[in-house]
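Relying on the hints, combine the two individually framed chains into one complex.
If you read the protein sequences in the order shown, they are chains A and B. Using the numbering used here, read the first sequence as starting at 758 and increasing by one per residue. Using the numbering used here, read the second sequence as starting at 28 and increasing by one per residue.
Careful: at least some of the hints might be erroneous.
[As the list claims (entries may be wrong)] Derived pair list, reagent style DSS-like, types lysine-lysine, alpha-carbon separation capped at 27 Å: (1) B:K224 - A:K813; (2) B:K236 - B:K105; (3) A:K985 - B:K197; (4) B:K186 - A:K985; (5) B:K186 - A:K954; (6) A:K1235 - B:K186; (7) A:K813 - A:K858; (8) A:K985 - A:K1070; (9) A:K858 - A:K908; (10) B:K33 - B:K153; (11) A:K925 - B:K105; (12) A:K1125 - A:K1218; (13) A:K925 - A:K908; (14) B:K224 - B:K153; (15) B:K186 - A:K789; (16) B:K153 - A:K789; (17) A:K1206 - A:K1178; (18) A:K1206 - A:K813.
Honestly, the hints are just simulated from the structure, not real lab data. In this text the structure is predicted, and so the values were computed from the model without any measurement.
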Amino acid sequence: MKRIIALVLVSVTLAIALCGCGGDKTEGGSSKITIGIPQDLEDSLDPHEAVAAGTKEILFNIFEGLLKADSNGNLIPAVAKSYSVSEDALTYTFTLREDVKFHNGNTVTADDVVYSILRNADDGSGNALISAFLNIDSVNVEGSDIVITLKAPDPDFIQYMTLAIIPKDQSDTATNPIGTGPYKYVSRSPQENIVLKRFDEYWGEKAYIEDVTLKICANADTIVMDLKGGSVDFFARITTAQALQLEGSNFEILEGTMNLVQAMYLNNAVEPFDDERVRQALSYAVDPDEIIELSFDGKGTKIGSSMFPAFKKYYIPETADVYNVNIEKAKELLAEAGYADGFSFDITVPSNYQPHIDTAQVIVEQLKKIGVTANIKLIEWDSWLSDVYSGRDFEATVIGVDASTMTARAMLERFVSDSSKNFINFSDPEYDELINKALNTYDDEEQTKLYKEAEWILTNKAANVYIQDLAQLVAINKNYTGYEFYPIYVLDIAKIKPAN
Amino acid sequence: MRYALKKTATMIITLFFVSVLVFFSFSLIPGNPAISKLGTEATPERIEALSHEMGLDKPVAQRFTEWIFGVIRGDFGKSYSYSQSVTSLLSDKIKTTLLLSFMAIIICTIISIPLGIFMARKSDSKLDIALSTINQIIMAVPSFFSGIILTLIFGVAFKLFTPGAYVSYKTNFFGCLGYLFFPALAIALPKISMVSKLLKDTVLKESEKEYVRTAYSRGNRTKAVFYGHVLGNALIPVITFMGMTFADIIAGSIIVEQVFSVPGLGRILLSSISGRDYPVIEAIILLLAFFVVLSNLIVDLLYHKFDPRIHV
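In isolation and in its complexed conformation, chain B is listed as follows (with noise of 0.2 Å):
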């Protein structure tokens, strides 16, 4: 319990100082929102006058009180593009992207675990061999390109889904789920690679322990063995690496959401950093960052659950 009070006040802290560099690296970059939503109509006048509006001629620390104050109240100001509430603006996109992210994640269990286990029962087999290369080269593939990729085999070849015609989860939610299992399977292939790979690996580092030995020598069957022990014991790193992935995941997904025309978290986030869009820039990474802190939380938990004999 003290473990966990203590992580989760690492985590306010982090996303403090999250929300301090967010705030201050924007009012270093070049760029102003009044010039930007004014765009070549801009003059002085105009200019001054929604600067005002926006708050922009407030002195920085105001506005960075002003706003952390309202970000612990859970409100996140209102965006310069869109004039309605951050919190309105992102709730759909972060469904969406978090949708996005969950698909890849359980795609990448259900094939990544059976896949390193079956590898490491067939190792050095010339099927182990095969797949292992392949491995490699997806593992080696970034998302973006798997993605395109995916696009013209399954899209433009095959037809089985419509590129760009993303429906919402909220007029179709299974037609959203079929048009997300492409993007999410690209966000999956590299994750599924690293995932098997280590599976493998720590399956096979525990077959060799002692104690497996002994169990074999005392007459247990393989199976039982194989799935009782050997595999409770090395999933533990797996799952470690499984939930650290999960940011890595949304993360991401940003960038997929983008080649498929998914909008979701990516597609405002870039947007808004184009159109300097502060209040939305600024809930957006906070609002990562918050992910990354949480997913690392629940592992570290999670480590703490499966295995007792570590102690922090």
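Only chain A is shown next, with the shape it has when bound in the complex (with noise of 0.2 Å):
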């Protein structure tokens, strides 16, 4: 008996010491910080093949292009100190600036430019990783100047300058990424974490924090744990029930959007869905602001089409206003179509969304109220890419369509019909020919108009259930403050700074 005891009492001692180990971290204002990422970078570190915005939102703190975003969605100058363009909008001049540096030490040269802007155009059998690419002539250099000639004008090429810039004799970006930006890689552990160092040598500003650890929390539910038990000191995407859970804690929740159109997409090819009016019937039945109120604590924007409020330019308001919620117009229309007595379809949701999962409930019991059955199917975010985006084989879908760069183009391009990335099989000649003429409008007025006209399009043709602009909620740990929302999917590091 006393041997045991004796071992329970050592056992424990033990366990507790050695916690004591475990705990100690620096408190307070100190230069590091651990932010919590929801998923891990499993794409790619090399910047050009990254394709998910949770990757890119990170590598937008190691690299820069000629151009990058700041956080009211304008282009400024980065590793370019200036550019014109030439009056037939044919020829873009870029002056890069004398200073700026790898993290490798090296000065950024002419030939990398060059080297990085021909990696992403035509590989020669006409393909391209950014397609907006296919359009250049030719690159040149003279003497410190870039120049680069188009085939024919395209009024949204400046947005892709912002294309990462690399050192022209690398190869292995992928698991060493060197960019000019302001936090350096150091190093990475899978499904753990990843190292940031503040880039000393950096052109511009420097970041305020010098360590930064990105730590990989994908189990959800610990996440306010995390927060709370001092592990993490910042996350971009929590939830409102986590936000709840972290009130009166030493965290301040801030606000922004989360900038895409969080929508039920309809495959517009099967049926019933091929019906413009069963669509509509459904957009008549379906009220984003019982699911802003119910699923996200009143946080969230309605709209109305394939925009979302960020893009101050081509967003139009009145698109949320078209379907205000009216069950007797939308049972008129399902009887219209044929379908008085109702239908039932699936709604095929990737069950590690929880907000898409949270909506497409509620749009469930909504759509009851015209007879019309809705079942939640959910799959795994990897069939979904595969099924339901690649295979587009799906009745129904919910998810969040975001915006690769700060064009229109980004949003509304996907829905020409034979575009590759039409996943909803959205066919519509009015709506190709405006988005063709878009492409070609080099009048900024002009093209904004033709824009909006598509945008017009979608909402009446009522191509998907529009919902809404997801809040985006930030808890950062009242130790640090200047965290600044961008309108595209950008987590900005080096603004974020010790609160004294």
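Here it is as structure tokens:
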């Protein structure tokens, strides 16, 4: 008996003693921060190969283009000091800054820029990593200037000049990324963390915090515990439920927008969604305000087309009011289309996105009012990508679609009938023509007008049941401050600073 | 010696069948690594180019042969998600998981054996009945659940450790051990119940045997008989059982890692399944199979050694 007690005591003391060693971390306004991210960067650390929004928002801190985005959505000079566009809009001339250094200490040369651009341009078989670069006729170096000549004018071309500049003689970018950004890559441990360090030879305003650990918090259930326990100082995407749990703690909750279009995307090629009236009926029956109220604690912006409010220039607030809830109208439209008794269909939702699952659940209830039965079918993200997105084998899905560049094109071009990204099989000759015209219009005002017309088509034809631009809730430990929201998916670590 | 050779041969054959199964089952399930990696940027051209780069456009049989010959040479290929070799990717993770598993085994051994002996010696007393009841309950609680309870009690309420603040064994070995103590305890708890119950039963059964009675009747002191004869014989099935549990403990640690955010094999296994990172999945499953087969082999050999009466 005594022995057992002794053994238990020894093991407990040992445990406590060992835990004591593990718990030490520096408190307060020290020059380090642990940022929680919901998934590891599993596509690539090569900025030209990376595709996931979650990867790009981190790489934003390591790489820069000739130009970069600021928090207002404007393009500001980065690796280039200035640029000019010729009168015929075919020639772009960029003047390089002299003092820009890569993280490996080398100075950025015009050759590095040319290499970075050509790497994404025509690969000789008519394909390019960036399809807008198929339009490039030539890239030349003139002194410290880089001159890009296009085959045809493209008003959006300048947006693509945020393309990351990488050293031309580097072959292992995917495992050892070297850029010119305010932070340099130090190391990674898959599914554990990614470590960044402030780049002290940065050409511009240097970052405030020296050591950054990006900790992968794959288990959504433990995020609040991690934050409260002090192992994570910052998390950029918490849910409303988590925000409520953090009330009264050492965390400030900042609210911005996610900048994506959350909708119940409908496969326009399958019955009954090939009938415009059915799609409109669903739009009349679904109430985004109720969804935002019930599932998102009232946070979120109702939208009515494939454009979100942060794109001020293109966003049309009125589209959100076209389908105000009208059950009678919805029933009428269903009857006209021959579905007076309703019908049933599956909403396929990726199981790793709780906000979309919550939304789908409210939609199911709302559709019951018009006699339509919807069943939620949860599938894992990878199956969603291959079956729903690439395979287009679905009836309806709730998802958020974001913009890869700050252009209306990024949001709207995908719905052109022959686009490979048109996963909803939307097909409308008038829409195709408008987008085609917009892409070939150089006059900014005229082009904006065309894009707006296209947005109205999506609304009027009820291409999808549009819901909202989700609120982005950021939890930041009160020891830190300075976080800024961007109109694109970006996590700018360089702006975060100790609170005192 | 012949016995050991025979067992090793069986082990290699088993591993070969596991590798065949793993490889082909993943060519049957839906999902495509190229589409998974390209996400919403996937265009038919890029999918084709990436599939080619990953070697997915080759026939399955050819891919399998190339892979299996690579494995024999110790080359598990390159991870699709992390662009680095699977061997370098997994070496840290294996160490973390093994560290966790060994801690669980040690905790299990130092608690369950004295506990089992104690329960046997006090059998049918009130204390034994109470302990047996608690044992039954703990046996029924899965590790991940006891993990959550332990986190709530020791992490959140008593603040003995910071949930989620795992430190790598490379930066702070003792800090790492400290953090792993509670996950290891969560894994060990149900095993402790099982082992102590088994030990109690075998000790009681052994005590009723004729030779024990004879020993007592010849005037032997209780303790000498107990520790000298009874326990020695009673431990044989317990050691076998613990050996077999080792594989179970490694599998259990994969789940418990999720609860305590320990970046071991479990985290990487789950993420590579959802990302269709075939080379990583195949390597991990093969590795787990290896641990299972190896622990069975060791148990068989030990059994053979401890109890020469057994001839296979």
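Out of the numbered hints, which ones does the structure contradict? 1, 2, 5, 8, 9, 10, 16, 18
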